[in-house]
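Chains as they are written, first to last, in the numbering used here: chain A, 1104 to 1184; chain B, 1104 to 1184; chain C, 8 to 161; chain D, 8 to 161.
These are computed hints drawn from the structure, not numbers from a lab. Every residue gets a Cβ at the ideal spot worked out from N, C-alpha and C, and that includes glycine. Mixed in with the good hints, there may be bad ones.
What the hints assert, rightly or not - Mimicking SDA-like on lysine to any residue, the simulated pairs with C-alpha atoms at most 25 Å apart in a straight line are:
(1) B/LYS1106 / B/CYS1167
(2) D/LYS128 / D/GLN48
(3) C/LYS128 / A/VAL1163
(4) C/LYS129 / C/ARG43
(5) B/LYS1106 / B/VAL1139
(6) C/LYS128 / A/ALA1151
(7) C/LYS67 / A/GLY1165
(8) A/LYS1106 / C/ALA63
(9) D/LYS128 / C/ALA31
(10) A/LYS1106 / A/LEU1143
(11) C/LYS129 / A/GLN1155
(12) C/LYS67 / A/LEU1143
(13) D/LYS128 / B/CYS1167
(14) C/LYS129 / C/LEU146
(15) C/LYS129 / A/GLU1150
(16) D/LYS129 / B/ARG1122
(17) C/LYS129 / A/GLU1125
(18) B/LYS1106 / B/ALA1147
(19) D/LYS67 / D/ASP13
(20) D/LYS128 / B/ARG1114
(21) B/LYS1135 / B/ASN1159
(22) D/LYS128 / B/VAL1158
(23) B/LYS1135 / B/ASP1171
(24) D/LYS129 / D/LEU11
(25) B/LYS1106 / B/GLN1155
(26) C/LYS128 / A/ARG1112
(27) D/LYS67 / D/ASP49
(28) D/LYS129 / D/ALA91
(29) C/LYS129 / A/ALA1127
(30) D/LYS129 / B/TRP1119
(31) D/LYS129 / C/ALA30
(32) A/LYS1106 / A/LEU1131
(33) D/LYS129 / C/GLY33
(34) D/LYS129 / C/ARG107
To be verified - Label pairs and their calculated CB-CB ranges:
(35) D/GLN27 / B/THR1130: 34 to 42 Å
(36) D/ALA147 / C/ASP13: 53 to 61 Å
(37) D/GLY88 / B/CYS1167: 30 to 38 Å
(38) C/GLY28 / B/GLU1121: 16 to 24 Å
(39) A/ARG1142 / C/ALA143: 25 to 33 Å
(40) D/PRO15 / A/GLY1172: 51 to 59 Å
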Amino acid sequence: MAKVLLFGRLRDVAGWRERLYEPAPPTLAALKALIVADRLDLAAALEAPGVQAAVNRVLVRGDCALGDGAEVAFMPAMSGG
Amino acid sequence: MAKVLLFGRLRDVAGWRERLYEPAPPTLAALKALIVADRLDLAAALEAPGVQAAVNRVLVRGDCALGDGAEVAFMPAMSGG
Amino acid sequence: MIALADRPFDPGAELNRFCQGRAATGAVASFVGIARGEAGQDAPLELQAYPGFTEAEIGKIAREATGRFALQDVAIVHRVGRIAAGEAIVLVLTAAAHRREAFEACDYLMDYLKTRAPLWKKEYGPAGARWVEPTARDLADVGRWGAAQGDDPP
Amino acid sequence: MIALADRPFDPGAELNRFCQGRAATGAVASFVGIARGEAGQDAPLELQAYPGFTEAEIGKIAREATGRFALQDVAIVHRVGRIAAGEAIVLVLTAAAHRREAFEACDYLMDYLKTRAPLWKKEYGPAGARWVEPTARDLADVGRWGAAQGDDPP
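Kindly generate the complete structure, drawing on both the sequences and the hints.
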């Protein structure tokens, strides 16, 4: 199982904030492909400049393997304050 | 009459904080001479670098005339905060 | 102390608590960011965080700032959720022996929060809602500090 | 608001009052200077002012800073008299549309207060009392702003 969290505009585009994928795909890239399968708008939003991914609360660049129970967050450009 | 106010270390050196001089001397220089008449320590303190004078709450450089009722303040180097 | 607040908080009470027992400190700088908007308008801002991750990432930068500016203490409170006009969005407090370090650390932390902290801000206006991204000015501001601040911008 | 306080004041209450009704502001920076000293020590500081003149001179610089940094508001509270370790000596509050101006104005006003405001500070320590004069660092700090700030140093 992999838990996916979306934030900011990604949440609005997807129409959801949290989903479980069972079983966990083997890699981040495979998970992404699953998420955007029939969602061109979400695929574009996930590939937009500034979007970062965290796996188990660690920022990840490029692809990586996913263990069972992984928590994967997709985060667009950040802006607090 | 002229009212003289001292601040900071000048107050400590002189041993007073406020004095009235009657009648008012005609100039700031004359007033200074009167204040330090028999006080070499105070004369040195008043001439120390950084000491400023205000007449009627306006900073004055050099000498100036004093009207009756003038309020004259001698102020050493400033430091708040 | 790094905290996310899902309700209005009291910057003055936080400032006083932070100043307590600081006879060795000398200097406390602070910054309060306030939600702009028309009085009576619906809450003009929404802030999202990634609970746990957001505090941890802000804590990393707070520790970095502590070393960089020789801080004695730092505290950050950030609102999340819907925020009404005039309410505090963020409070940053820094304590140091000298005022220059306290000011610079506070400035540094705000630049970070504006551009690289895991927070997402939506503005609600008459023309609809939009997600805020760092402005050119925000990016120039954070660029003043060099590359040391957290990860490279994406 | 420029005020001299001859008793301890409450920086948090002042901050909250200053932030009230600021839905058009965005940014409030503040600085609190705290009297250093050993807990339990006799009041380590004495601040003298020239009542009336001191507030007027600080007011002039506050107005200058308001123009220079496009401030929406500024408030300064300065303690006078004997001050105990851990008590606030000074509070500077600045409100602006953007944080950079609020920070810089606060910094500018503190540099001024340290070197050119009509205030005199005596430190009481185990080795006796001494009148404080601006340090080389204070003078370098105030020099950053150019000649515009009040009168030339004497």
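Note to self: Which constraints among the numbered hints does this structure fail? Numbers only, ascending.
What the structure shows: 12, 13, 17, 27, 29, 35, 36, 38
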